[in-house]
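Asks: Guided by the hints, dock chain B onto chain A, whose structure is given.
If you're matching them up, the sequences are chains A and B in order.
Take 1 as the starting number for the first sequence in our numbering and just add one per residue.
Take 150 as the starting number for the second sequence in our numbering and just add one per residue.
Among these hints, one or two may not hold up.
One-sided and incomplete, this derived list gives chain B residues near chain A with beta-carbon spacing under 8 angstroms [claimed, not checked]:
no., residue
1, M163
2, A165
3, F166
4, N183
5, N207
6, T236
7, G238
8, N241
9, K257
Where chain A lies over chain B, by a calculated footprint (3+ residues, C-beta under 8 angstroms) [what the hints assert, rightly or not]:
no., region
10, 156-162
11, 258-266
If you're looking for bench data, these hints aren't it; they were derived computationally from the structure.
Don't be surprised by glycine CBs; every beta carbon is placed ideally from N, CA and C.
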Amino acid sequence: MAETQTTEALSAAAADVLETMFFSPVMGEATPGASCSEPVLMARLKFSGGRSGSFTIRVSARAAATIAANFLGEETDDPEPGQVRDVVCEMANMICGSVLSRLDREAHFDLQHPELVETCGEPSLGSVCSLFEIEGGQVVLCLQLDSAA
Amino acid sequence: MAYRVMIVDDSRSMRAFVRRVMDLSGFEVDSCLNAANGAEALALLNEQAVDIILTDINMPEMNGEDFVRRMAEREELRSIPVVVVSTDGTQNRIRRLLDLGAKGYVVKPFSPEALRAELERVLEVENG
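The following block holds chain A by itself, in its conformation from the complex (with noise of 0.2 angstroms):
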């Protein structure tokens, strides 16, 4: 699977999701770089099926806290941490599930739950990575696949 494919599938499923179901319309792309140095938070989920590997997405904690309070409605304009949590695995599971179905309509796909990662890792190798602004930071999402069969 090209490159250039997957990091197009990643980028239109995120702007996609984060403009539909957040609230939250990407701002333009970022610069690949010292996104450790401000608080984060990262979730990663595995995949198998027509294809097998994992999705991670990392996002800074404010723009995590700007996406959760548009997601939960205006109700709830400073989520609780454990709030932000969830919806940062709800954002990684539909981004996922967007970015599988866009890179292959016909396969099937099961999807684990996402889970948090603690650290500030950085991506897999061979992982194919978008990184983008939106309101309150950055956005890092990475694909990587398993080689196939």
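Replies: Relative to the frame of chain A, chain B by itself:
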């Protein structure tokens, strides 16, 4: 007309979001039951009636596929339309859920208008 709705999803945030989007779309909700998985939903349905059910697929204990299958197997429940709300938009998955007995399918992300349109389409078909 306002409808009695059940939302089945293991994410509390997602249940709240789906309810909020129904309100935003103008879909009239009379009452809304929440369940965290298929088993919890079936237990609630023993006690309370609903007009339509929205369910996720990936859930612990009893997932959406098993839930749809159980609903179709039980005569007293099979007339309640089930709409699947999932991130999985692959054709195989959609076909499989519809074959199992789901009456509608909404792929996340979805707009309020898209959700309302699918709920109304399903209810119109079911109610003639």
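Asks: Hint by hint, which ones does this structure get wrong, listed from lowest number up?
Replies: 4
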